[in-house]
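**Student:** Let's have the full structure, built from the sequences with the hints guiding it.
These protein sequence lines map, in sequence, to chains A and Z.
Here our numbering is used: position 379 in the first sequence is 383, and no number is missing along the way.
Here our numbering is used: position 320 in the second sequence is 324, and no number is missing along the way.
In short, the hints are calculated from the structure, not lab data.
Keep in mind that the hints are not guaranteed to be accurate.
What the hints assert, rightly or not - Straight line, CA to CA, 27 Å or less: simulated BS3-like cross-link-like pairs of lysine-lysine:
#, chain 1, residue 1, chain 2, residue 2
1, A, Lys25, Z, Lys259
2, A, Lys421, A, Lys271
3, A, Lys259, Z, Lys25
4, Z, Lys288, A, Lys25
5, Z, Lys25, A, Lys288
6, Z, Lys121, Z, Lys223
7, Z, Lys271, A, Lys271
To be verified - Simulated restraints on C-beta separations:
#, chain 1, residue 1, chain 2, residue 2, range
8, A, Lys173, Z, Gly35, 51 to 57 Å
9, A, Ala28, Z, Met5, 33 to 39 Å
10, Z, Gln231, A, Glu191, 51 to 57 Å
11, Z, Pro55, A, Asn70, 55 to 61 Å
12, A, Met31, Z, Asn370, 44 to 50 Å
13, Z, Gln231, A, Ala28, 39 to 45 Å
14, A, Gly98, Z, Gly321, 17 to 23 Å
15, A, Lys173, Z, Pro55, 56 to 62 Å
16, A, Lys173, Z, Ala118, 55 to 61 Å
17, A, Gly280, Z, Lys259, 39 to 45 Å
18, A, Gly83, Z, Thr427, 54 to 60 Å
Said to hold, decoys possible - Output of the computed footprint for chain A on chain Z, the stretches with three or more beta carbons under 8 Å from beta carbons of chain A:
#, stretch
19, 24-32
20, 141-150
21, 273-287
Using N, Cα and C, we set each Cβ at its ideal position, and we do this for glycine too.
Protein chains: 2
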Amino acid sequence: MNIGILGLGTVGGGVVNVLAKNQAEIMRRTGAQIQVTHAAVRDINQSRICPTKGIQLTQSPLDIVNNNSIDIVLELMGGTTLAKELVETALKNGKHVITANKALIATHGNELLALAKDHNAHLLFEAAVAGGIPILKALEQGMSANQIEMVAGIINGTGNFILTEMRDKGRDFADVLKEAQELGYAEADPTFDVEGIDAAHKLAILSAIAFGCELQFDKVSTQGISQISGEDVAFATELGYSIKHLGIAKKLNGKIQMRVHPTLIPKTRLLANVDGVMNAVLVKGNAVGPTLYYGAGAGDEATASAVIADLVDIIKGSLSRDVLGWQSLEATPYQNQDDIESIFYLRLLATDKPGVLADITAIFANHHISVEAVIQKQIDAQDNAHIAIITNQVKTKDINAAAAAIQQHDSIQEEVKIIHVETLD
Amino acid sequence: MNIGILGLGTVGGGVVNVLAKNQAEIMRRTGAQIQVTHAAVRDINQSRICPTKGIQLTQSPLDIVNNNSIDIVLELMGGTTLAKELVETALKNGKHVITANKALIATHGNELLALAKDHNAHLLFEAAVAGGIPILKALEQGMSANQIEMVAGIINGTGNFILTEMRDKGRDFADVLKEAQELGYAEADPTFDVEGIDAAHKLAILSAIAFGCELQFDKVSTQGISQISGEDVAFATELGYSIKHLGIAKKLNGKIQMRVHPTLIPKTRLLANVDGVMNAVLVKGNAVGPTLYYGAGAGDEATASAVIADLVDIIKGSLSRDVLGWQSLEATPYQNQDDIESIFYLRLLATDKPGVLADITAIFANHHISVEAVIQKQIDAQDNAHIAIITNQVKTKDINAAAAAIQQHDSIQEEVKIIHVETLD
Chain A
5 MNIGILGLGT VGGGVVNVLA KNQAEIMRRT GAQIQVTHAA VRDINQSRIC
55 PTKGIQLTQS PLDIVNNNSI DIVLELMGGT TLAKELVETA LKNGKHVITA
105 NKALIATHGN ELLALAKDHN AHLLFEAAVA GGIPILKALE QGMSANQIEM
155 VAGIINGTGN FILTEMRDKG RDFADVLKEA QELGYAEADP TFDVEGIDAA
205 HKLAILSAIA FGCELQFDKV STQGISQISG EDVAFATELG YSIKHLGIAK
255 KLNGKIQMRV HPTLIPKTRL LANVDGVMNA VLVKGNAVGP TLYYGAGAGD
305 EATASAVIAD LVDIIKGSLS RDVLGWQSLE ATPYQNQDDI ESIFYLRLLA
355 TDKPGVLADI TAIFANHHIS VEAVIQKQID AQDNAHIAII TNQVKTKDIN
405 AAAAAIQQHD SIQEEVKIIH VETLD
Chain Z
5 MNIGILGLGT VGGGVVNVLA KNQAEIMRRT GAQIQVTHAA VRDINQSRIC
55 PTKGIQLTQS PLDIVNNNSI DIVLELMGGT TLAKELVETA LKNGKHVITA
105 NKALIATHGN ELLALAKDHN AHLLFEAAVA GGIPILKALE QGMSANQIEM
155 VAGIINGTGN FILTEMRDKG RDFADVLKEA QELGYAEADP TFDVEGIDAA
205 HKLAILSAIA FGCELQFDKV STQGISQISG EDVAFATELG YSIKHLGIAK
255 KLNGKIQMRV HPTLIPKTRL LANVDGVMNA VLVKGNAVGP TLYYGAGAGD
305 EATASAVIAD LVDIIKGSLS RDVLGWQSLE ATPYQNQDDI ESIFYLRLLA
355 TDKPGVLADI TAIFANHHIS VEAVIQKQID AQDNAHIAII TNQVKTKDIN
405 AAAAAIQQHD SIQEEVKIIH VETLD
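**Tutor:** Put into structure tokens, the structure is as follows:
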């Protein structure tokens, strides 16, 4: 089996390095020597993190996907335009493709999987979700006896790093984001990470594999962490929760819901203790119950670990392409966001006049919402107070209606903050 | 594919129930209908947790393993005598065998795997380790690009339940054990669980799969939790640790060490937060870094989930029997226990005369052991005091020599307690 790599950057370089250092171990598991024969790079003369001895370098990626001597193509260049064309060409040429490209799979996965099926080729993407954690294989193989009921994961390391620092050191969002950028955890344009788009790509993939449904990235309700303030973090702690940015997919009554948002989770849950840049995914199966998978969500060798695991699966011939359920994903109805039920945390900044709390709790009562916990804290001499509230389980449209009514109250000083709460039990 | 089950108790009944309730999902993943056609039971007329309609019951298990119409045998009866004979016969007859029997695999796995290989059959045992957690598949497939450096797991739910209750409620070992027996978590004879034999069986299997080495159950150094006292739990908490009963396998400098013992681990580690009857396994790969797998370690449907995952692998044809590295496990040298290096916690009960602590610390110094932390607490009017000490990393033989010397000091009132400390970083 000859391997061609598109892109020898962080992940591509990591793959070459890991294949070299773990050659004996991989040989023991596959009975085969894996040989990277070709690689397409932007600039042949650039310095890299891996040696390139024995690898034929080209600046023309088409040479790789059209090369008859190459059996498996690793797409590790990123982007969704050229990468898509190259993956399509490789599949049409009957080559197996392995990619770490979550944006590509989340947005074009259905057509690419269909193309792979038509050409009797594999399209694998373990590295696209949660980096080195073998979560897709766990869903597909380890959990194969189960109907999956829920997947809930910390699947963006940058966001988790920022929230961890905010909680543990009382720092501001903007301050930590700046440090994350300096450390190389966050991009110069951090939108994909902090606004949840990266997590939404990964959740769309997780959901498809978990439930055997078509990829529907546009059905993911996405909310980032940029609106989380120090007050929210402090109130959450006081109420016994930790705020984590979760991707959650649930199948309830035949309908799927997919949402990415900041979430208060009880401090004692394992997910609440997954800190820094680490990732973890909680999976609930209807036979096994809750299981959790934890590890590095990014990094050259961690991501390479997942890419090579796919490679080993293909080389061992351990994938039966006719019967991989997820290569024929089904259309599945999605839950309207308004009808999604959740517990909610609300935070209000109100002028603390007599009767304000009574008025607000009356609004909740009018919307048939119970208040499970409330904390009120005066914050300045003008009698302004923060009020944090935890509700019972209600429909999203009901909490939105209640929040809109509260917003109209003349004591309210700023926009009412609404954050999901998940007990994960 | 026709399935025959040996034993329709908790696990066997769970398998039948899960196959029934998740039939559509399993069909989607395998493209095949899985049919349990035969089952051997001790008493045909006994009541069971599963329906038996469509299953031919027999009281003669030999009828199953010799039946030409059966392709896959599930050994779910337990024990190592009759079960061994039946598995051998099934394999000799070319049938694939799936078992949840950790004692059988830990003690006879090498010969049974060789027999399977000779007869071109699979012998799978995902359910034998950590119940529903697909940890063997994770090691074999998800981590296939890695040299495994360490496996450390909470792999006995009974022991973890007892230690969790002792820590959270300040209860005594004997008191919690009695409750665990009443709840059905612990056997009437709890030796296998609380003395670490069950965990040692599982660790021998984990180690073999992680490192591709022969099963060597007799090389596992095994220590139970029955000697852990309330004082130890309290001191551990005060020092920032939680006591967990871990199975640890490491490969260092080409040698393997396997040990099951109570272990102080820093409170902030995920493993320290795995509580009650739940199991979790930390795996360190040299590419991916630390990963962790968490879930139910026992229970009818959780264990069935792992049994059926093996079944799905066989039915999908997704195992290449020629290249499964672990079907040709290698003899690998084991580390002499005396030479294993670890941090240690020691607890002494000493008469608090002037100079005692100076004498004791001098003994450590004489053995070239550094004291990293020490707590001394007077416990009675007779000036008896508990002294808890955390050392630096030292060889087991050195800590044993120092403890023996301390034991000779005339102030020491009871046996010096030694517990391993693992930072897991």
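**Student:** Next, verify each hint and record whether it holds.
**Tutor:** Each hint, compared with the structure:
1. Lys25(A) with Lys259(Z): holds (19 Å)
2. Lys421(A) with Lys271(A): Answer holds: lysine 421(A) to lysine 271(A) is near 21 Å, not above 27 Å.
3. Lys259(A) with Lys25(Z): holds (19 Å)
4. Lys288(Z) with Lys25(A): holds (16 Å)
5. Lys25(Z) with Lys288(A): holds (16 Å)
6. Lys121(Z) with Lys223(Z): holds (24 Å)
7. Lys271(Z) with Lys271(A): The hint holds at about 14 Å.
8. Lys173(A) with Gly35(Z): 51 to 57 Å: holds (52 Å)
9. Ala28(A) with Met5(Z): 33 to 39 Å: At 36 Å between Cβs, range holds.
10. Gln231(Z) with Glu191(A): 51 to 57 Å: About 53 Å separates the Cβ atoms of glutamine 231(Z) and glutamate 191(A), which means 51 to 57 Å holds.
11. Pro55(Z) with Asn70(A): 55 to 61 Å: holds (57 Å)
12. Met31(A) with Asn370(Z): 44 to 50 Å: holds (48 Å)
13. Gln231(Z) with Ala28(A): 39 to 45 Å: holds (41 Å)
14. Gly98(A) with Gly321(Z): 17 to 23 Å: With Cβ atoms ~21 Å apart, the hint holds.
15. Lys173(A) with Pro55(Z): 56 to 62 Å: holds (57 Å)
16. Lys173(A) with Ala118(Z): 55 to 61 Å: holds (56 Å)
17. Gly280(A) with Lys259(Z): 39 to 45 Å: Given about 32 Å between the Cβ atoms, the range is violated.
18. Gly83(A) with Thr427(Z): 54 to 60 Å: Violated - the Cβ-Cβ distance for glycine 83(A) and threonine 427(Z), about 41 Å, lies outside 54 to 60 Å.
19. 24-32: holds (count 5)
20. 141-150: Held - the stretch 141-150 of chain Z has 9 residues with a Cβ nearer than 8 Å to chain A, which meets the minimum of three.
21. 273-287: With 4 residues in contact (Cβ-Cβ under 8 Å with chain A), the coverage given for the stretch 273-287 of chain Z holds.
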